[in-house]
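A.B. asks: Here the numbering used here is used: the first residue of the sequence shown is 4, the next is one more, and so on.
Some hints here could point you the wrong way.
Stated by the list, open to error - Below, a list of computed lysine-lysine pairs in the PhoX-like style, where the Cα atoms sit at most 25 angstroms apart:
{"id": "1", "residue 1": "K105", "residue 2": "K124"}
{"id": "2", "residue 1": "K82", "residue 2": "K105"}
{"id": "3", "residue 1": "K124", "residue 2": "K181"}
{"id": "4", "residue 1": "K181", "residue 2": "K82"}
{"id": "5", "residue 1": "K157", "residue 2": "K105"}
{"id": "6", "residue 1": "K157", "residue 2": "K124"}
{"id": "7", "residue 1": "K105", "residue 2": "K86"}
{"id": "8", "residue 1": "K124", "residue 2": "K29"}
{"id": "9", "residue 1": "K29", "residue 2": "K82"}
{"id": "10", "residue 1": "K29", "residue 2": "K176"}
{"id": "11", "residue 1": "K181", "residue 2": "K29"}
{"id": "12", "residue 1": "K29", "residue 2": "K105"}
Don't read these hints as lab results, they were simulated from the structure.
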Amino acid sequence: MATGKSTAAARGAWIVFEDEASQSLKPPRARSWGRIGQTPVVRVRGRGSGRVSMAGMTCFRSGERSRLIYSFRVHRGRKGEPKGFTWQDYRDLIVRAHNQLKGPIVLVWDNLRTHLMPQMKDFIAANEDWLTVFHFPSYAPDLNPQEGIWSLVKRTIGNLAAANLDQLATAVKRSLRKIQYRPHLIDGCLAGADLRFPRSSGVAD
Numbered sequence: 004m005a006t007g008k009s010t011a012a013a014r015g016a017w018i019v020f021e022d023e024a025s026q027s028l029k030p031p032r033a034r035s036w037g038r039i040g041q042t043p044v045v046r047v048r049g050r051g052s053g054r055v056s057m058a059g060m061t062c063f064r065s066g067e068r069s070r071l072i073y074s075f076r077v078h079r080g081r082k083g084e085p086k087g088f089t090w091q092d093y094r095d096l097i098v099r100a101h102n103q104l105k106g107p108i109v110l111v112w113d114n115l116r117t118h119l120m121p122q123m124k125d126f127i128a129a130n131e132d133w134l135t136v137f138h139f140p141s142y143a144p145d146l147n148p149q150e151g152i153w154s155l156v157k158r159t160i161g162n163l164a165a166a167n168l169d170q171l172a173t174a175v176k177r178s179l180r181k182i183q184y185r186p187h188l189i190d191g192c193l194a195g196a197d198l199r200f201p202r203s204s205g206v207a208d
């Protein structure tokens, strides 16, 4: 992580943390209000093989507003449908981040097999003028601020008894959009990973 921060500072780059998550119709555990001594229970169907998949990037640069960029897909369990994001999906997400951030990127992500495919390595090598990639150690989700974003999203849908995938997808997308407009929440996820960046905007280190 120290190497990634040093590289980002030397190149005037954004440091970008990437991660993936998914959500089925069975809601995650969440806190709610209820009568004393009576645990509230939300009954859901939770049936079907479909799910909502998300790939997200939390983006930070000194003196800039923190950003959240994400890709979103609904998997309905149909025959021949991809079960997850392909290397092309990650490539397109990186390119979109580069276009939106308008600057070089130091990307930090895990060792997911799709991240290590030869095609992805070729793409990274072909764009080394603006893209530098580092990998997290194995089994280190606590180091990734994007994990905090997923926690915020799942907290908002914890009491949602979605009737179908479309309703679930709408709720997840609404939650992600709200976080995009609240950079203090993104900064909080950075602090939750015990990481800090100096900012000229007056935010404390």
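A.B. asks: Does each hint fit the structure? Answer for all of them.
C.D. replies: Evaluated hints:
1. This hinted pair checks out: K105 and K124 have alpha carbons roughly 22 angstroms apart, not beyond 25 angstroms.
2. Note on K82 and K105: the hinted pairing is violated, with a Cα-Cα distance of about 39 angstroms set against a maximum of 25 angstroms.
3. Between K124 and K181 the CA atoms are separated by roughly 33 angstroms; this puts the pair beyond 25 angstroms, and the hint is violated.
4. For the hint linking K181 to K82, the alpha-carbon distance of about 33 angstroms lies beyond 25 angstroms, and the restraint is violated.
5. Between K157 and K105 the alpha-carbon distance is near 30 angstroms, which puts this suggested pair outside the 25 angstroms criterion.
6. The straight-line distance between the Cα atoms of K157 and K124 is roughly 32 angstroms, outside the 25 angstroms bound, and the hint therefore fails.
7. With a CA separation close to 31 angstroms, the supplied pair K105 and K86 exceeds the 25 angstroms bound.
8. Between K124 and K29, the direct Cα distance comes to roughly 36 angstroms. Violation of the 25 angstroms bound is thereby established for this hinted pair.
9. Simply put, K29 and K82 have alpha-carbon atoms about 22 angstroms apart, close enough for the 25 angstroms limit, and the pair holds.
10. For the given pair, K29 sits about 17 angstroms from K176 by alpha-carbon distance, which is consistent with the 25 angstroms threshold.
11. Between K181 and K29, the direct Cα distance comes to roughly 22 angstroms. Compliance with the 25 angstroms bound is thereby established for this hinted pair.
12. With a C-alpha separation of about 39 angstroms, the suggested pair K29 and K105 falls outside the 25 angstroms cut-off, and the hint is violated.
Hints 2, 3, 4, 5, 6, 7, 8, 12 from the earlier list are contradicted by this structure; the remaining hints agree with it.
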